[in-house]
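Chemist: Chain E is fixed; fit chain V onto it per the hints.
If you read the protein sequences in the order shown, they are chains E and V.
Per the numbering used here, the very first residue in the first sequence carries number 1; after that it's consecutive.
Per the numbering used here, the very first residue in the second sequence carries number 1; after that it's consecutive.
What you were told as hints is all true, and nothing was included just to trick you.
Covered stretches of chain V (chain E as the covering partner; in silico rule of three or more C-beta atoms under 8 Å from a C-beta of chain E):
no.: 1; stretch: 52-63
no.: 2; stretch: 73-79
Here are some chain E residues pointing at chain V (derived, C-beta under 10 Å):
no.: 3; residue: V27
no.: 4; residue: R28
no.: 5; residue: A30
no.: 6; residue: N52
no.: 7; residue: A54
no.: 8; residue: P59
no.: 9; residue: T87
no.: 10; residue: G122
no.: 11; residue: G153
It should be emphasised that the hints constitute simulated quantities derived from the structure, not laboratory data.
None of these values were measured; they are calculated from a predicted model.
Even glycine gets a Cβ: it sits at the ideal position worked out from N, Cα and C.
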Amino acid sequence: MKRLCIVVGLIAALVGSAQAADLSDVVRVAAGVNGAWFENSAFPADVEIGGNAAASLSPHISVVGAVYYGFDHSYFRWSTGARITVTDPALPNFGIGLGAQYHGASQADVRPNEWAADASFGWVPFPETVSRLSVVGNSSYGLESGVVRSILGLRWQFPLK
Amino acid sequence: MSIYGLLVLAAGAPAGALVDLLNRIKNTVPDLADDAQKVLDLLAQGVQLDNLVAVASHLPGEIANIAQGKIEPGGRKPADMA
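With the rest of the complex left out, here is chain E (with noise of 0.2 Å):
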């Protein structure tokens, strides 16, 4: 949790500083929904309900973070860190991101305090009619576990201004 209010505050001072950048297409938050997989069960291991935040500080960078509460284990889990979108960042319905985030959650056989790296994507199915809405992704590994855990779910993008 100290590391996330760290991060979190990094974040703020270095996007309030930005030069000749709109806050609103810095900043994005997504309330969300998972299905949640912890290694090779079949069917969802847990649902979480929760949100996402990202600053894009750049075509290809950004840093990330998420919180989320996962019902069925009653656990709260929380991740922060940095992706770089190997899609053509101009794509506004359609990227994948590699990248590598610190995760904490209330359980640590949920999710132990450590570093994973990470592969996601994120689609808009319906850009036309529903752009706030996505489909998203992600598998990561943790790096002292050596665990992989997936998520798949939706995402509801809030404006900001």
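Modeler: Chain V in isolation, oriented as in the chain E frame:
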């Protein structure tokens, strides 16, 4: 199709199951077939090595700009919300 049903379709879902999910969408929701195929094509394009090398070539300049406080956010980047 319920949200949970959509998630269950991706049974066993790490990133690789996205392809299976999109193929299921293509086969069961004809209106989304073209869009799903476009996503599959972009997915295949995105993970190619030459594309990754091209992306990496942009990073030093972008990191330098960020360090100087020059924020250029770029596009929507849907993957940021994952």
